[in-house]
Amino acid sequence: MSSGASSWSFREEDYKKIQAILTAFLRESTAKTSLIVDRTGQLVATVGENPAFDAVAFASLTAADFSANDQLAKMIGEPEFGSLFHQGERESMYLADVARRVILVVLFDNRTTLGMVKLRVKSTVGELSQVFNDMFTRGTAGTAQVETGFVGEAEDEIDKLFG
Amino acid sequence: MSMINYASREINCKLVYYGPGLGGKTTNLEHVYTKVSPNARGKMISLATETERTLFFDFLPVDLGTIRGFKTRFHLYTVPGQVYYNASRKLILKGVDGVVFVADSQLERMEANIEAMQNLYDNMAQQGYDLTKTPFMVQYNKRDLPNAGSIAQLQESLNPGWPVEDPAKQKLTPDPYHEGEHLVFQKDGQWIERAPYFEAVAVTGEGVFDTLKAVSKLVIKALG
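Residue numbers (my numbering), protein chains in the order written: chain A, 1 to 163; chain B, 1001 to 1224.
Bound conformation, chain A alone (with noise of 0.2 Å):
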């Protein structure tokens, strides 16, 4: 049993892997904005265009949000919902589970359809597994750590903050 402290890092070309698949995907979707979203509920990345809204809060609402509809999934015996839909009357958004890690968020409006939308959902979440597998299965060889230094940095930031 682990304690609940172990992390797991996300790194330069990670992100790099990642931008270029959405790019690609919001390219030929053209919906407007999509998210990786953690299960903890944590913003991971960003591409496209940038929300007005509050991404933070955003992100927590979305793993929430997954999370119950997993649950309702086993109540009627399935093992889960791989995606969910929210329909709007000008903005929709469509989720996707990917590699039971995180969650792919897409913004889109009436420039395209949710059939589009779906579409092409389906290979850029095949890629985006390869790149999360690869990055969980190194997080578990070395743990992510910060440099020395931080700790006591951010202990006189929490005195401060919290004084």
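If you're looking for bench data, these hints aren't it; they were derived computationally from the structure.
Be aware that a few hints might be false.
Pairwise CB distance ranges, derived in the manner of DEER restraints [what the hints assert, rightly or not]:
(1) B/1130 <-> A/27: 18 to 26 Å
(2) B/1052 <-> A/69: 21 to 29 Å
(3) B/1066 <-> A/130: 29 to 37 Å
(4) A/130 <-> B/1086: 34 to 42 Å
(5) B/1203 <-> A/13: 47 to 55 Å
(6) A/159 <-> B/1173: 20 to 28 Å
(7) A/114 <-> B/1066: 39 to 47 Å
(8) A/89 <-> B/1068: 44 to 52 Å
(9) A/137 <-> B/1115: 34 to 42 Å
Just so you have them, the derived chain A footprint on chain B, three or more residues with Cβ under 8 Å [to be verified]:
(10) 1053–1059
(11) 1209–1222
Glycine included, C-beta positions come from ideal geometry on N, C-alpha and C.
Add chain B to chain A, keeping to what the hints say.
Coordinates of chain B only, in the frame set by chain A:
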């Protein structure tokens, strides 16, 4: 599971406030929200019922600023305390880095406290986490109420401690927050470790930042 994002140069840590219903978890977050500078915190999200009971969670991101080039942020969550919301509680514990158990000091709430503490241990174990190895604090809230139990009584029931098997850790360790008390000590020939505790009156803010400061420091230490 804190995440270090080298691409956006961010570190995010998740702190969860746990405890029985109406114990003051949301009040803790509300106090932090009111007192921390608006530049250092994001929007507070509350998924609550019409009667203001937390239905799913409250969420408040707090920025510590940029440290050694990394934007460091704490994500503060509360869970719903009511017994029947256990499915929601389990989801919120996913990826937790630090836990604050907010206990209601009123003696008539003792049973609810014990039940919630047992539920915390169970849910952590189900997620594959060991609470005794996770940064963990107990906050005794509502100390101002006339029917509040004594700290000794509350500690005995809610924070009796766990056995220390590692010989390297079997040494008398003073409690840095309470003079004359110990976090690791011997009882009946057995070494015991207890979670640090704080007294609080969350409605007035008393003890809220002491608790948050202590747990966030433990989380940061675990990163180093």
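A quick look at each hint next to the structure:
| no. | hint | result |
| --- | --- | --- |
| 1 | B/1130 <-> A/27: 18 to 26 Å | violated (46 Å) |
| 2 | B/1052 <-> A/69: 21 to 29 Å | holds (25 Å) |
| 3 | B/1066 <-> A/130: 29 to 37 Å | holds (32 Å) |
| 4 | A/130 <-> B/1086: 34 to 42 Å | holds (36 Å) |
| 5 | B/1203 <-> A/13: 47 to 55 Å | holds (49 Å) |
| 6 | A/159 <-> B/1173: 20 to 28 Å | holds (22 Å) |
| 7 | A/114 <-> B/1066: 39 to 47 Å | holds (40 Å) |
| 8 | A/89 <-> B/1068: 44 to 52 Å | holds (45 Å) |
| 9 | A/137 <-> B/1115: 34 to 42 Å | holds (40 Å) |
| 10 | 1053–1059 | holds (count 3) |
| 11 | 1209–1222 | holds (count 9) |
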